[in-house]
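This is what each chain is made of:
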Amino acid sequence: MANPILETKEVSAWFGKHQAVRGISFSAEPNTINAMIGPSGCGKSTFLRCLNRLHEEVEGARVEGSVLLSKEDIYGQGVDPVAVRRRIGMVFQKPNPFPSMSVFDNVAAGLRLAGIHKRSVLAEVVERSLVQAALWEEVKDKLKQPGTSLSGGQQQRLCIARALAVNPPVLLMDEPTSALDPISTAKIEELLVNLKNDVTIVIVTHNMQQAARISDQTCFFLTGELVEAGETSRIFTNPQDTRTEQYITGRFG
Amino acid sequence: MSKAVALEVSQTVEAGPVKKRDLHLGDRVFFWILRGVATSVILLLAALTLYLFRLSIPAFQTFGAKFLISLEWNPVSEVFGAGPFIYGTVVSSLLALCISVPVSLGVSLFLNELAPKKLADTMGFLVEMLAAIPSVVYGLWGIFVLAPWLRTTVQPLLGKTFGFIPLFQGPPFGVGMLAAGLVLAIMITPTISAICKEVFRAIPDHQREASLALGATRWEMIHMSVIQTARSGILGAVILGLGRAMGETMAVTMVIGNRAEIDISLFAPAQTMASVIANEYAEASSQIHLSSLAAVGLSLFVVSLLINAMARFVVHRVDSRSAKAAH
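Going down the list, the sequences are from chains W and C. In this text, residue positions in the first sequence follow this note's numbering: the first is 1, and each later residue adds one. In this text, residue positions in the second sequence follow this note's numbering: the first is 1, and each later residue adds one.
Isolated chain C (complex conformation) (with noise of 0.2 Å):
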């Protein structure tokens, strides 16, 4: 750079604005659009939200708070109640749970701590690929493969064997309780393993050194530094699926039955706030209906949101705890 530029260039810069953060045009644009686009979505869910509450408003209006527990639905004396819907939810989501949650613990930990990093790398793909299958595609297969399985095989079995339980007893269906069961189970299973397979990936060597060393066995370094270590975040995880299982609607639609009673009876149909929305929204005449509907809606918002800021919460403080032991 000759003196003369450099004068100039310094000139420049000293005569150049310092008052006022003067964005160049595109800039601006750039940043209103951003900004627009950022704004749209959070009114987009407050729009949401409140058209939900003012259409569930007469259902509440008519019902009362009891609208939640009452277990009558019925569309034709225009008797409405969510308790069936909520027992459905509730039960096939806790369901899948314990189903998931010890398939997937054992997936993770097995391509995480055991597994050559190869053939890891392929499974966990091929795992997390089952996320990708749309649950249209579940629900098929719970219809044609699942629901007859259980019908011809899987329930008399387990109605001959543990009968006495109230769970196992009454006619098989096939269709029902613990079809939708299975079905969401094997749909969270790559949702929880993918993040306790993160959580477990997040844990140093070091601590597993740390029991090696000990003298610990494979089973017992797993045990002290793994699994105790992540607790919270398998918590987390878990909670997560929990969210997805309550949520998901067109493959329970298609195996539960979609009777709106209660019965302890896995064997039997059931139904849950999302199937019953998707089953019968398009034919609600009346305005009762529809606003309980949307009601049934509104309970089912609520409560997945306060799942999910649940399971943030729980994974949050998992991940500022184990920095903190990572200092």
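Next comes chain W alone, as it looks inside the complex (with noise of 0.2 Å):
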């Protein structure tokens, strides 16, 4: 853990009084993939909205602790929240482009947020995007379509795409693939492991063999608390604690 590029030192949240996320210090190594799993109602979405300072966006909700995003605490004084969340994209369980914008305008939606208009540098910017996103050769003559008019998985890569335009150093998945058929999990499962090179990514997933076969790090969650982390092998084959033994086995969850 020499130089983690993400790192969370005892962050807790609330909605409400209900306290979903327990003092959860964890930490993530450039170039990695992070996976996050647990049974429903562990935290483990909460906490992901912690990381972009998303959480706080829902009535009554309050987040304790701190992220540092190269050394740099995204919860500290006079930090804007939309500048946070312009550093590091986000990606979400249901495919969600925006539905009265065309392919290219999607992509091109967070380039226009951060003040660039320049046709050339969009057009350039989108392309390379939609090649990030193993997308670009399906979509090549169809950027003028909505993006609503692609299939599901499809819709799913455009908004990967639409994340990795503005070259965030940090990607947060919350569960990208569960609203997908196996053959479209398995090409995104292929391009986060490709993606890996650009971007550190951070993965929710409801699916155990998921974060086995893609991830670098687990951590698995339980009742708010971050109950074990490490080596996504080793947490496979020699989990330390007995709870997570029970949840990878199947004895729960």
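Just so you know, the hints here were simulated from the structure itself, not pulled from any lab data. Backbone N, C-alpha and C define an ideal beta-carbon position, used for all residues, glycine too. Please note that the accuracy of each hint is not assured.
[Stated by the list, open to error] Covered stretches of chain C, going by a simulated chain W footprint (3 or more residues, C-beta under 8 Å):
no. : stretch
1   : 211-222
2   : 227-240
[To be verified] Which residues of chain C face chain W? A few of them, derived with a C-beta cut under 10 Å, are:
no. : residue
3   : P116
4   : K117
5   : P204
6   : H206
7   : Q207
8   : R208
Two chains, two frames, some hints: make the complex.
Laid out in structure tokens, this is it:
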């Protein structure tokens, strides 16, 4: 753990009076895939949403602790959550392209928010991002069609391209394949492994096999706590905590 | 269940009639009552249309299609043309829309996107209560409060500042097109904002999170994820508001000044299709006068029908599209 790009210290999160995340300290090395596993309601999604300050958008929600992105606390005084979200990409469970926008405009949305409007720059970045998201070949003739006209798997890769367009160092993914069929899922998993070279990925998944297949580090969550974190191969072959062992062997969850 | 009973039940069921749907007497009576009620509503609409149509035949026979554009309406010389009323209806409704649409959008966005839930519930309720106030009460308020204020304060000020525009020229009457437009604007605001609120509420949260996660500010999120997505729904709400403004009678009759002339100035008195009928129907003595009023009514009826149909079509299209987007 020499030089983590993302590090959390004692992060807790609440919905009103209900505490969903309890004092989680975690760190992610650059160019790795970090999987968060655990049963429903264990707080893994809420924790993920603390990493780009999206959790606080829910009415009555609250976060404590600190999250360091390249050593800088994104919850520090005077830090603008909007600026934080521009530097950390996010992909959601349900593909959510903007229904009123074309494929091109969907990918360009983040750039336009950042104030980049030059057509040639946009075109170049949109192509690069779609190539990165392994979607370019499928949509290069449909750039003007609405983003919602694509298939579910394509829409999700479009959302990945949209997140990548602003060149974020970290990409958060909240069960990105749970709404997709196995073939689309396999495509996205392959894509994530390739993306590792450019970006650090934190992925919440319901699917333990997925975590085992693609991640470098696996973190097991239970009732808002981080039970165990470690190298994926070790977590799945030699878990230290009995609860982790019970979960990965399918005893509960 | 004992074996014997079970056997009996299965026998009854098997022996039961399968050839024809045999409704019980009560069901049949109920069915016929409901069918009668439903049919009578449609018959009523048809009868109403037919009656209006028959009544207005003499007017169209005498004045032809020119009835709809002719500017003269003179009960004394028995020359009738609906031009001033069509102008009045169109201008007063558009004026109301110009004032009401930005306000309604602001209200519905504030209630749905910005206000804390408790405040939004209370305020939303109060806004919807505006729709429950009888229109004659709006009319009274227009006569006793709004019109004097317009005459003494607003219109002189507008005349001084924007007097170079023909819309704001002429003597300040108080009652007139401007008063009608303002009262209508207040009356259609609850309609438009209630529908907009529903349209915005139907947009799933993950659409909002999509833009927030990209680093959108609250305003950028509202623009990208809410307004853009709801464009046609907003249009539907506006058209429904327009339909309401065009048909509104009582309040408009009370504040518009009732003069059958076209004057470009918003300060001048005018008259709408609805208000001329309300004003003159009781005193119309000649056959042709009555028939002309019926013809005005028929035109209003047809236009309102078209506007409502258009609004339904637009809203329906949005519903099916956002349903598709949600999958």
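Comparing the hints with the structure gives:
Counting residues of the stretch 211-222 of chain C whose C-beta lies closer than 8 Å to any C-beta of chain W gives 8; at least three are required, and the coverage claim holds. Counting residues of the stretch 227-240 of chain C whose beta carbon lies closer than 8 Å to any beta carbon of chain W gives 3, which meets the minimum of three for the stated coverage. The interface hint given for P116 (chain C) is met, as the beta carbon of that residue sits about 7 Å from the closest beta carbon of chain W, less than 10 Å. With 10 Å as the threshold, the beta carbon of K117 (chain C) comes within range of chain W, its nearest partner Cβ sitting at about 6 Å, so the hint holds.
Against a cut-off of 10 Å between C-beta atoms, the interface hint on P204 (chain C) holds, since the closest Cβ of chain W lies about 8 Å away. A least Cβ separation of about 5 Å between H206 (chain C) and chain W falls short of the 10 Å threshold, and the interface hint therefore holds. Here the hint on Q207 (chain C) is kept, as its CB sits about 6 Å from the closest CB of chain W, short of 10 Å. Of the supplied interface hints, the one on R208 (chain C) holds, with its beta-carbon coming within about 8 Å of a beta-carbon of chain W, less than 10 Å.
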